[in-house]
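Participant: Chain residues, written in single-letter form:
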Amino acid sequence: MLAVIAERHLTLELGTLDICFLVALYVRGEAAGLTSFTEAQLEDVFAQASAAVAPETDQLRRRATLAIQRLRDQRLLARVDGQGVVRTGEFALSRLAGGIVQFYLEEDVLTRETLGLLTHSLQVALAGVLEAARRAIGPAAWQDGVVGPLRVTIAELVAGIERRQRGLDVQQEDFQAEIRRLLEADWFGAIDRCQDLLESTSATLRELNEVLLRDTSVLLALLQDIEELAVAAGEAEAESAAHRLMDQVDRIAAWGSARQRAWSEYFQYVHRYLRDVVRLDPTRALMQRLRDQLAGAAGRRFALAYAGAPPIRLLRTVAALPDRPPVVRPRAPREREPEADAGEDPQVALDAKVWRSLGGGAAALSVVTGEVTGELPAPERFVEAGRVAQTVARLARAASAIERPWVAVGDDLEIEDWALAARPGGAAAPADTASAEPPPGPKP
Amino acid sequence: MTRPGYAQLQDVILDPDFPELDLALRRGRHVDRDDVAWYALLGDAQDHLEAFYRRYGCELVHKTDGYFYLLPTGDKLSRRQLAIGDMLVGQALALLYLHPSTIERGGLHTTEELIAQLATVMGSDALIRAFNPKRRRYDERVAQKTVRSRVGESVRRLASLGFVEMMEADQLRLRPALLRFAEPVRGLSEPAEALARLVAQGEIALEDEGAVPADAAADDDDGDGEREPAGSDDGDALPDDDRGDGDAP
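Chains A and B are the protein sequences, given in the same order. Residue 454, in the working numbering, is where the first sequence stops; the numbers in between run on with no holes. Residue 343, in the working numbering, is where the second sequence stops; the numbers in between run on with no holes.
Bound conformation, chain A alone (with noise of 0.2 Å):
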């Protein structure tokens, strides 16, 4: 819908003048009967609606031309005799004037008289929607009895009240103005009709709260009815209708207690000013000496005394830290001179093992790798059992066939195999297992 207004460029521009031109039309439409106006009426009553407006403009004729064609342009008024250039035409004002002109002539406003016929009205349509709605069967009868009513009926009902509390509300800000029209025209003497004012809208908004509070729980519930009925027959149309109703009524009940809240801050305001500065300076001789004294022509320049006490402040149990030692160089040399350290041998300590193991009686090369690395991790085995084979080879005679036997040490190794012998004249035992019995063979 906005692109399509969009793209055909509408605008609409009315001046003053303009507004009362269609203003005047309207009302002399109404006041003689008239459906058209002739161009002679058009410019007779144009000429009217500018003496109000601009009594000293000149070239009438010429500016009433003018005046037509703007609203012509703008689809404000309509030639509706059809007559071409055959005769002069007869103009009547399109549903667009006849818009504006009822808003500025005759905004609607809530009162307790037309809140209590709205909502009466809205009673018994709805009754008659609830009834229809028990009696419906299938979704022809749902529609023209049930969702048609709430949509266009009921809404309508119920558009009127908003309508109606939105001129409320636009004759309240006409009121805060007026109240201000009237002390600014007549400082002390305009307090009595700003309380009138303040009485009367008060009233209103009160009485108008008591009849909200008590037919919009009624209405609500005849939609809360209908809308249980249309969710047992599965008709979501108008489920969906009912629903968006009862928002509506939320919000007329909500906007009244909004505001009476709002009208009564106000008047109590408005009240207050009243008393403590209307009648304290009932001859408004304060503003003038304040404004002396704010541009520094009334006396001396002072400043207001106050308290001005510090925060209290309040001590909490704070845990007590331990001293941090000083951060010093350190006295000692960061540098330690090597020493020596005898340690452990590997060498000599797998001399031993294998020693013990030959003194034991081991006569092949597989048991002495069995029983040296047999406690060892399996990764570390491998590089073990080459040492202990070149220990061997050392301190024992090794024989062997040509083909060696491959034997398995445990599960994850195996070797070629030698057969030991002591060594002719033999190797000392290491000084560890001087106690272990020498190896087998001839003794050193």
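In short, the hints are calculated from the structure, not lab data. Possibly wrong hints are sitting among the right ones.
From chain B, some residues computed to sit far from chain A (all C-beta separations above 12 Å) [unchecked claim]:
| id | residue |
| --- | --- |
| 1 | Tyr-100 |
| 2 | Asp-105 |
| 3 | Pro-110 |
| 4 | Phe-112 |
| 5 | Asp-138 |
| 6 | His-142 |
| 7 | Arg-149 |
| 8 | Glu-207 |
| 9 | Asn-226 |
| 10 | Asp-233 |
| 11 | Arg-235 |
| 12 | Met-260 |
| 13 | Gln-265 |
| 14 | Gln-295 |
Selected chain B positions facing chain A (Cβ under 8 Å, derived; list incomplete) [claimed, not checked]:
| id | residue |
| --- | --- |
| 15 | Gln-175 |
| 16 | Val-215 |
| 17 | Arg-274 |
On a predicted model such as this, the values are computed, not experimentally measured, just so you know. Don't be surprised by glycine CBs; every beta carbon is placed ideally from N, CA and C.
With chain A fixed as given, assemble chain B onto it according to the hints.
Facilitator: Just chain B now, with coordinates in the frame of chain A:
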């Protein structure tokens, strides 16, 4: 008048609202009818609290315009004075409070309207000079920006003291305590006479005759715009006791 609800001072002190109210009053807060609970408490326990605060060298002042505040008259509780900039802003706000246009808006005005009011009454040049006191020559745009900034700071300080309430969208709700700024010109007496009376009561302090019309906030090291009481040439001027050593009860 004390109502039956507070037969003794102890009953007042035991009221759950009292601690917050007491702290607010000691920090210079003005309490009016919009502070519903505090105002009711002060109204109901006025006699007890007047005697209570008198022991701390303070007067609990209740104005007929509908607000309370604490005014130190001795040296037991710290006493401060508004800066010159705050005073200018406060007086402009008081003017807005008195203007009938306030009625139409239910007591709401914007900061822009406040600055416009200051410029209208003081004149743009005087306003800029007042908020840029140390600059002999200034760039107009920068000076105007400084004015807007200083006015904003003053408004915030006045809001913390209960003179205005800061609302959404740069709106200010004007509160009855603003009428304190109009006190010297409210009565029928001459302004000088009224000023002397207010000085004697400890309500105000006079600026030095030769003082530069400067915003103290501009020179304020801590930026809070509050000042030590100015020296007065009157013998009966303020007890200069802003030593910041006010004790809590």
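Participant: Next, verify each hint and record whether it holds.
Facilitator: The hints, checked one at a time:
1. Interface exclusion of Tyr-100 of chain B from chain A stands, the closest Cβ pair being 22 Å apart, more than 12 Å.
2. Under the 12 Å C-beta cut-off, the non-interface status given to Asp-105 of chain B relative to chain A holds; the minimum distance is some 23 Å.
3. Under the 12 Å C-beta cut-off, the non-interface status given to Pro-110 of chain B relative to chain A holds; the minimum distance is some 18 Å.
4. Residue-level check passed: Phe-112 of chain B sits 14 Å from the nearest beta carbon of chain A, beyond 12 Å.
5. Taking the minimum C-beta to C-beta distance to chain A, about 20 Å, the non-interface status of Asp-138 of chain B holds against the 12 Å cut.
6. Under the 12 Å C-beta cut-off, the non-interface status given to His-142 of chain B relative to chain A holds; the minimum distance is some 18 Å.
7. At roughly 14 Å from the closest C-beta of chain A, the C-beta of Arg-149 of chain B stays outside 12 Å, upholding its exclusion from the interface.
8. Against the 12 Å criterion, Glu-207 of chain B stays outside the reach of chain A, whose nearest CB is about 14 Å from its own CB.
9. Against chain A, the non-interface label of Asn-226 of chain B holds: every CB pair exceeds 12 Å, the least being about 16 Å.
10. For Asp-233 of chain B, the shortest C-beta to C-beta distance to chain A comes to about 25 Å, beyond the 12 Å cut-off, and the non-interface label holds.
11. At the 12 Å boundary, the C-beta of Arg-235 of chain B stays outside the reach of chain A, the nearest C-beta of that chain being 25 Å off.
12. Against the 12 Å criterion, Met-260 of chain B stays outside the reach of chain A, whose nearest CB is about 18 Å from its own CB.
13. The beta carbon of Gln-265 of chain B sits about 15 Å from the closest Cβ of chain A, which is more than 12 Å, so the claim that it is off the interface holds.
14. The claim that Gln-295 of chain B lies off the interface is violated: its Cβ sits roughly 9 Å from the closest Cβ of chain A, which falls inside the 12 Å cut-off.
15. Given hint, Gln-175 of chain B at the interface with chain A, holds; its Cβ is 4 Å from that chain's nearest Cβ, closer than 8 Å.
16. At its closest, the beta carbon of Val-215 of chain B sits 5 Å from a beta carbon of chain A; the interface hint therefore holds under the 8 Å criterion.
17. For Arg-274 of chain B, the interface hint holds, the least distance from its beta-carbon to any beta-carbon of chain A being 6 Å, beneath 8 Å.
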